[in-house]
Amino acid sequence: MNDALEHMWQKLVSYQIVAGPRPGMTTDHSPWYIKLLLALSGWVAAFLLVGFIGSVFGFVMQNAAFSFVLGIAFIAAAYCLLARQDNEFLAHLALAVSLAGQALLMWGVVDALHESVQLCALILAIIEVVLTMIMPSFIHRVFSSFAAACAFYVGVAITGANGYYISAVAEGIIVGILALAMSWLWLHEFRFPHYFKALNAIAYGITLALVIIKMTSVFGIFNSMRLTDETTLSANLSPWLGQLLLVAVLVWVVARIVGRLKYAPIRVLQAAIVGALVVGVCSVKAPGIVIGILMLLLGHHARNTLLTALGIAALIGFISRYYYFLEHTLAVKAGILLALGITLLMLRYVLIRVSTANDTHMGAAQ
Amino acid sequence: MSVRQALSALLAHKLIPETRIEEAVALSGLRPSESEWLRFADQLLMWLGALAITFSILFFIAFNWSEVGRFAKFGMVEIALCGCVLLYLKFPEYALAGKASLLSASILLGVLLGLYGQTYQTGADPWQLFFNWALLITPWAIVARWPALWLLWLALLNLSAALYFDTFGGFFGFFVPPIFGGELGLIWCVFLLNLSALIIWEAASPHHTWMQTQWPSQLIAAASGIPITWLTLLATTKFEPLPIFTIPVWVAWLASTYIFYRYKRQNLFMLAGFTLSLSVVSIAFIGRVLIEIMEEHAFLPLSLIVIGVGTCAAIWLRNIHIAWSGQGSKQ
Numbered sequence: 001m002n003d004a005l006e007h008m009w010q011k012l013v014s015y016q017i018v019a020g021p022r023p024g025m026t027t028d029h030s031p032w033y034i035k036l037l038l039a040l041s042g043w044v045a046a047f048l049l050v051g052f053i054g055s056v057f058g059f060v061m062q063n064a065a066f067s068f069v070l071g072i073a074f075i076a077a078a079y080c081l082l083a084r085q086d087n088e089f090l091a092h093l094a095l096a097v098s099l100a101g102q103a104l105l106m107w108g109v110v111d112a113l114h115e116s117v118q119l120c121a122l123i124l125a126i127i128e129v130v131l132t133m134i135m136p137s138f139i140h141r142v143f144s145s146f147a148a149a150c151a152f153y154v155g156v157a158i159t160g161a162n163g164y165y166i167s168a169v170a171e172g173i174i175v176g177i178l179a180l181a182m183s184w185l186w187l188h189e190f191r192f193p194h195y196f197k198a199l200n201a202i203a204y205g206i207t208l209a210l211v212i213i214k215m216t217s218v219f220g221i222f223n224s225m226r227l228t229d230e231t232t233l234s235a236n237l238s239p240w241l242g243q244l245l246l247v248a249v250l251v252w253v254v255a256r257i258v259g260r261l262k263y264a265p266i267r268v269l270q271a272a273i274v275g276a277l278v279v280g281v282c283s284v285k286a287p288g289i290v291i292g293i294l295m296l297l298l299g300h301h302a303r304n305t306l307l308t309a310l311g312i313a314a315l316i317g318f319i320s321r322y323y324y325f326l327e328h329t330l331a332v333k334a335g336i337l338l339a340l341g342i343t344l345l346m347l348r349y350v351l352i353r354v355s356t357a358n359d360t361h362m363g364a365a366q
Numbered sequence: 367m368s369v370r371q372a373l374s375a376l377l378a379h380k381l382i383p384e385t386r387i388e389e390a391v392a393l394s395g396l397r398p399s400e401s402e403w404l405r406f407a408d409q410l411l412m413w414l415g416a417l418a419i420t421f422s423i424l425f426f427i428a429f430n431w432s433e434v435g436r437f438a439k440f441g442m443v444e445i446a447l448c449g450c451v452l453l454y455l456k457f458p459e460y461a462l463a464g465k466a467s468l469l470s471a472s473i474l475l476g477v478l479l480g481l482y483g484q485t486y487q488t489g490a491d492p493w494q495l496f497f498n499w500a501l502l503i504t505p506w507a508i509v510a511r512w513p514a515l516w517l518l519w520l521a522l523l524n525l526s527a528a529l530y531f532d533t534f535g536g537f538f539g540f541f542v543p544p545i546f547g548g549e550l551g552l553i554w555c556v557f558l559l560n561l562s563a564l565i566i567w568e569a570a571s572p573h574h575t576w577m578q579t580q581w582p583s584q585l586i587a588a589a590s591g592i593p594i595t596w597l598t599l600l601a602t603t604k605f606e607p608l609p610i611f612t613i614p615v616w617v618a619w620l621a622s623t624y625i626f627y628r629y630k631r632q633n634l635f636m637l638a639g640f641t642l643s644l645s646v647v648s649i650a651f652i653g654r655v656l657i658e659i660m661e662e663h664a665f666l667p668l669s670l671i672v673i674g675v676g677t678c679a680a681i682w683l684r685n686i687h688i689a690w691s692g693q694g695s696k697q
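Chains R and E are the protein sequences, given in the same order. Counting in the working numbering, the first sequence runs from 1 upward without gaps. Counting in the working numbering, the second sequence runs from 367 upward without gaps.
Hint data in this document are derived by calculation from the structure and do not stem from the laboratory. Backbone N, C-alpha and C fix where the C-beta goes; we use that ideal spot for every residue, glycine too. Please note that the accuracy of each hint is not assured.
[Claimed, not checked] Part of the chain E face toward chain R, derived, beta carbon under 7 Å: (1) T385; (2) R386; (3) L393; (4) E400; (5) K465.
[To be verified] Partial pick of chain E residues on the chain R-facing surface, computed with a CB cut under 7 Å: (6) R370; (7) L396; (8) L404; (9) I445.
Pulled out of the complex, with its shape left as it was, chain E reads as follows (with noise of 0.2 Å):
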């Protein structure tokens, strides 16, 4: 419970005399500090700033000023870089300054491979742009232990996947047979890709402390829930073919989801996803076979239903919440 929320309780069940108010908030620390205050000004410049000059060179590159020779442009580029690099090796280490210079690296790096593509016309697809940019920033994501920078590499990997895909229609000259063709087969591979991003990091994570923050693995999850979720939607709503396995690997993935999630390594917010996708699904389901019975007359018993499914998975997932806080329903 947050100091927000703490006081937000005393003063919803008036346990704090009215007359008293502005000094029981003054005491509870609610108020950031001047040294707080100090802190917040400091990571705002710095993140604008370094975000703002990384642009600024990004975008003059991508302004390809002809009377600006090829030199001078991978000059600047490559100083940018290399003076970043240096900012990271000057800051003790997790220090902001030192993170957000090498996010601009990182994206500096980026902007170096567009344009040596650009300038060579090397006639390279776009997916490896993208991978090579991913492979390229892999050592530093290893030094730099912080999750922000990982989730950068995996979301260049997925990029590069999706535009693989899309351009050769499969993985690897393997034949992809019609129902894993298209939007569908990219689907797929982005919910397969960030499965397996998601299981190497819940398994990694206890053995080092900089990844036991809970938003990498909630976004990641989020990045491997969509995908399937959506699959299974098309596959009980729609009539077009849809691989057989569709809705046995989604319940598999509902299922570990739970078991993982609700005893092994507890997390609210994937209990919620889990109980989002179910619900999802299974009112859609139920949706389509109510209308196709009912139609129009349909719409009263499916709305009561979905007030249903939302109360219960609502009410589920507070016990939960209750639960793993020790705090029971009384105090």
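Chain R with its partners taken away, still in its complex shape (with noise of 0.2 Å):
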């Protein structure tokens, strides 16, 4: 494990851009499925000591103001705990503590306000947001900002005099504000240093926030919510829209990355922004492509394993939703596939032939 490290130590060194020996450093890399325990362990904890309040405490479940208070005190408590980081133990009773905390918190705020969903959701957002920036757990940040990224789609997509309707067109404007802060954060997680890990956490918090939310639509979870009379205009602009962003971001990131590269000349600029906006225009009919897409090319990009693997499981699952709920024969899906094979191969084999062509030329160049 040393080796990366001290390897890294004196490439830099042989930069000048550290000096001497590597100082001792504590690291904690433990494995994802390591830190995956820490956190089922945190949120069975909280569900138990939330029913156990509920069961034992039943007032306090009844009086919204006694289960703000008491959500208050337990976050605060929390907060203290990770606060000391030093007991392993206290730690992760810190994160089961805070997320009942939480419960108890917007339990009352509901109760206060159950006529408004959209003000609940907007105020546990709000809320999230505080305890994104304030709590010092890695775990934690990511549950909190996957919670207000989830409750700002709840409050602001949320629409209806009437009842209550997820509004297509709102939904596609949070779908891309949300998918360009995740490749924000991920092509720019060294832009802060101090706050590194923080980023970090709140970027694969909002990662699994737009998967979750695009697959409710996607796999038309809360159909019946969804409004269906809307004026002509949002109506024709809704399927649109929301893809239409996703497709400028998709742009923008390729753009990005392949400026980044040292030698990429500007026509291989030029075709890979081509390459996006096709892909980009022939996923329009399939959402979640693009987002499969953006992750799996920034989690490569970051040399981030898991980003990648969720990258296509994400893809898959949508490909195949999209295969699946297609309105057409199965020899139509068929032809469609097909082509889409051909294509993808046809596509490889110029790539191959242009790269080697150009090995040649720039071995020809020496």
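Make the complex out of the two chains shown on their own, each in a separate frame, by following the hints.
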């Protein structure tokens, strides 16, 4: 484990970015499955804690003010425990207490404002944003930013004077905003080095929220709430607006990634942008695919195996969903897949030929 | 430790001057080079293209277009199948395109068997389709020496065993005691099949370099660990009769997993699975006892137990991780 660290240090020394022997460091690079184990135990403990409070102190849950105050007290206690960072047990207790506190807090808010789903959601979003900023725990920040993004979506997309409906236009805009935020965070994760870990946690939270939100629309969850009586303008605009925003984000991400390559000539940048536009336009009717591609590109760019794996899973999931629900016969679907497959293999062939020709040309020039 | 983790560690300890971080990132090799992007695009296009074409054939056959004669359908699938095999032979060994071709051929073989059963109405049971499919791709799996193909083979065997058990409620006509019947017997079947596969894989892997990546054995271990954990969970929390040896089998599985992956072949993922199984069953058992005694008051001590168990598991795993990496608590 030391080798990669030492090798990098020596490289930085050779370029005079740092000097001297590498200082001693404590590093915590537990594999993802250990972190998942911790997060799961925190979640389960939080549920049990809320269950205990609900069953034994029932009056708390029946009184909005009590619930709100107790929730804040729990969160404050969790902050004190997390700030210590010297005791593993307390750190995980803090996560469970904080989650229980947030549940109580929101119980109080919902109980007080139950007539307004939008207001409750926006208040929850603000609370979660504050928690993301102040809570000194990576897992907590992932959860809080995930909750903040989902609450923001509910608060803005839910509309309707006569009931609760999801506005497709608002949904499209929010998905675009979240995709932009996710992409910016992953592309600029080293912009604020002091907050590197925090920004990473927020990026993960927003990524997960984006996938979940897109899944609810793509897989038809809450379909009965989708607005069907919008005005003509928004009814025509809504299928396109969200996708246009996503395509714009995809083009921007591709341009930034290619722009960072040392030796990429301008025609490569142009080809990449055109390719991104083509992919984006082709996937207008297949929502979610652009999000999967974004995650895949950002994951590979950051050498983030987890993000890349999530991107692959999202891409396969959304592609499968698209073909399953496509309103055509299996023969037409087969034809589309065949055309797609041949196109992709031809693109690969062209890519190999161009890169081989480029290598030959550069070799001859040298 | 990966490049990303090393860079993150240096940043977290503020060892790189803020004004030179971009330069350090560029030097670290974190950002993929042009050739790495080309390789990435190459792999992505290859896999997506091959899978798209394979599934297009599958969809077309599933469409069951009556205007296309049976010989045309068979011809289509068989030509595609032969084409994939020829492509595999054409490409160099271990080439990406070769692997994609062989995977496509393996899937198309299943399509061919399905078409055969559908066309001639042989009356075969569903389990026979998957079993014969696994049988027929065995030579390819042996020749390819590719873990993914072996996992496909194992998945087909799992499916055929499950369907067989579902149809006959047992194996080879042997009497199945009631406690092994139904869903429980199926779970035992899946556990034993995947445990056998794991034992064979671990026994063979030291002698074959292509078997020495960890992810295939980890997947197989998960496929055997989940069923036995579920069975033990049922035994400790439900009042239905289960085989009396469920818990001893689970304990034996735990002990052998711990000893083998702690001392013989270091694998932290397997030990994480071991702790997860132990934690889940222990907490479920304790939870059942506490709820019987304390009813709703049990939630608080139970939440503390969950945190305690989770913490102990994480600390133990981290210490092993550090010890194995030779890092120590301070460098």
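Evaluated hints:
1. T385: violated (10 Å)
2. R386: Result: holds, 5 Å to nearest chain R Cβ.
3. L393: holds (6 Å)
4. E400: holds (5 Å)
5. K465: This interface hint is violated because 14 Å lies over the 7 Å limit.
6. R370: holds (5 Å)
7. L396: Result: holds, 6 Å to nearest chain R Cβ.
8. L404: holds (5 Å)
9. I445: The hint is violated - E:I445 has no Cβ within 7 Å of chain R, the shortest such distance being about 14 Å.
Hint violations for this structure: numbers 1, 5, 9, all remaining hints satisfied.
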